[in-house]
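I would like the entire structure built from these sequences, with the hints used as guidance.
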Amino acid sequence: MSEQLKVFIEPDLGYAAAIEAALITLPAKYALAGSAQEADLSARELLPEGTLASWTTTYFVEDAGITSAELAGKTIEISIEVGEAQHQSERIFECDHVLAQLGVSDWSDWAKSVGSNSVMLAGYHDGSPVTVAHRSVAQDSTKLFISITDNDHRLVLTAPLGHTAQPVEIATHSIAGIQIKRPVYQSVISRILASI
Amino acid sequence: MQKYGIGFLAAGPVAQSIHIPAVRRYPQQLSVSHIMDIDAGLAQKLGDLHGAKWTTSEDDLINDPNVHIVVVGSPNQHHARQVIKACEAGKKLVLAEKPLATSEQELAQIREAAEKSGTAIVVGAMHAFDTAYLEALAYWNSLSQTADSFEVVSYLSTNNEFVDLATQLLLPSETNAPVGGGPRPAPDPVVKVTNGILGLAMHDIPLIRDFNQAAPKLDFVHPMTGFGYLLQGLIGDATFRFIAQMGGKWAPGWTFRAVGTSASFEIDFQPSYVLAGSAKVRVTANGEVREFNNQLSAYEAEWEEIINIVAGGKPARYPISRIEDDSAFALAMIQQLPGLMYA
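Going down the list, the protein sequences come from chains G and Z. The first sequence lines up with residues -11 to 184 when you count with our numbering. The second sequence lines up with residues 2 to 344 when you count with our numbering.
Mixed in with the good hints there might be a few duds.
Claimed, not checked - Examples of chain G residues toward chain Z, derived with CB under 10 Å:
1) Leu109
2) Ser135
3) Thr137
Said to hold, decoys possible - No more than 25 Å apart at the CA atoms, straight line, and that leaves these computed lysine to any residue pairs for SDA-like:
4) G/Lys169 x G/Ser77
5) Z/Lys218 x G/Ser77
6) Z/Lys193 x Z/Gly254
7) Z/Lys281 x G/Thr160
8) Z/Lys281 x G/Ile158
9) Z/Lys250 x G/Glu157
10) Z/Lys93 x Z/Val311
11) G/Lys100 x Z/Lys218
12) Z/Lys193 x Z/Met342
13) G/Lys100 x Z/Thr226
14) G/Lys131 x G/Ser93
15) Z/Lys250 x G/Ala52
Simulated from the structure, these hints should not be mistaken for laboratory data. The structure presented is a predicted model; accordingly, all values stated were derived computationally and were not measured. Beta carbons: idealized from backbone N, C-alpha and C, even for Gly.
Written out as structure tokens, the structure reads:
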């Protein structure tokens, strides 16, 4: 019998339900630990730094083959819609990680609009206008949406940010129509855990 | 049943592909009576096609007693003057393409003229008349939900593409071709975004104001290459952004979203020019999703509103005070543009 890694999911960890749902899909590899004492390691230690939205962005970048050249001279539209109330600092943290995974590392001089339950950022990266909206929405409406557009193509990610394996969809819009990559019915966290 | 004659100030694509086809859906109540364009050849061709008088003089059309409704589809700088003249001539109604006015002073003059003559004013911001939208809005208002963030995103092909799909366009006479050769100078970025707000964003400003009546504070402005803009800011304590990019080869998309922590209001609009049924609206609240959609295009709905006003004596859905406030929202954004244009 293979050795299971006993993982404790810290209650204060964001997306705890999503992490738990992913762990139980890989029973040969992982087991849930009821306490930190029973665990080999914690979910925080197991997973890479970031949030579900930034991990999903990594998946998008890898699967769509996005390079820095492809971010130049485009319109980049991002929506991060989460299912809980967040402090503005948490929203900024998540925006920062999503942008970093996409390849946008310096947005220090960008415009920031801070609302009661949302934040928007806008600025430029390599000649491209970039807009990021981070909002709190209903639990069943969470998603990450990224669109990279020029006049010939739109590359679009639509991904749920919940705890189920709803399909992550990557689509290319062009004069040839809309081509959707084979959807992946595996949560982004499951993919990460499977690859560790 | 009285039939109301319509006079069109400008005979271009807006008249030909939007309003005349919509008007002809109501032959018992409406008729195309008079066409005016500075291009005599075009005015005559369009007039002859629809059995209407034609002229190159706006005064001839406005003073025609058989014209009860004036459609102002001329370039923006003529709108206010023509609307005021139509009011002074005692017309029953003026349908002004957006923008109704380009300054607060013009707005005040229009209000004064309309109130004095009793002329009803309708602004051709067609999304505000979409029946699926209005039905969904009534449902939303019954839910006592609030929206904390707004966005209007339009990725659109060129207008020419949709005009070609909507009608067989009569082209301007060759003698009316623009004077002077060579490339035109690039427009000033402030002018570009101003035109974008007045010409495109204006469609959806009434919708945002149905949810939130605060004044806009812009934080970011970017003029897109070609036609389009990216605007971001606050309305009260709600965030908003307008994204518009035109001329792409991808499938068109035009969406409106009002998002709250427990409900959302999402619209997929039809493109401009085509009479392709209503928008598709989805309201999600309390774990329940309701969808609204029907076969009446927003342009047809706009004309049904006009018929209700002139024939039915019903009050306008958007009275002049509301039109003035919606226009003031657009002008407030425009006033903030110069200080933000660092691209």
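Hints versus structure:
{"no.": "1", "hint": "Leu109", "result": "holds, 8 Å"}
{"no.": "2", "hint": "Ser135", "result": "holds, 8 Å"}
{"no.": "3", "hint": "Thr137", "result": "holds, 6 Å"}
{"no.": "4", "hint": "G/Lys169 x G/Ser77", "result": "violated, 34 Å"}
{"no.": "5", "hint": "Z/Lys218 x G/Ser77", "result": "holds, 22 Å"}
{"no.": "6", "hint": "Z/Lys193 x Z/Gly254", "result": "holds, 21 Å"}
{"no.": "7", "hint": "Z/Lys281 x G/Thr160", "result": "holds, 23 Å"}
{"no.": "8", "hint": "Z/Lys281 x G/Ile158", "result": "holds, 23 Å"}
{"no.": "9", "hint": "Z/Lys250 x G/Glu157", "result": "holds, 21 Å"}
{"no.": "10", "hint": "Z/Lys93 x Z/Val311", "result": "holds, 7 Å"}
{"no.": "11", "hint": "G/Lys100 x Z/Lys218", "result": "holds, 12 Å"}
{"no.": "12", "hint": "Z/Lys193 x Z/Met342", "result": "holds, 11 Å"}
{"no.": "13", "hint": "G/Lys100 x Z/Thr226", "result": "holds, 23 Å"}
{"no.": "14", "hint": "G/Lys131 x G/Ser93", "result": "holds, 22 Å"}
{"no.": "15", "hint": "Z/Lys250 x G/Ala52", "result": "holds, 20 Å"}
Hint violations for this structure: number 4 only, all remaining hints satisfied.
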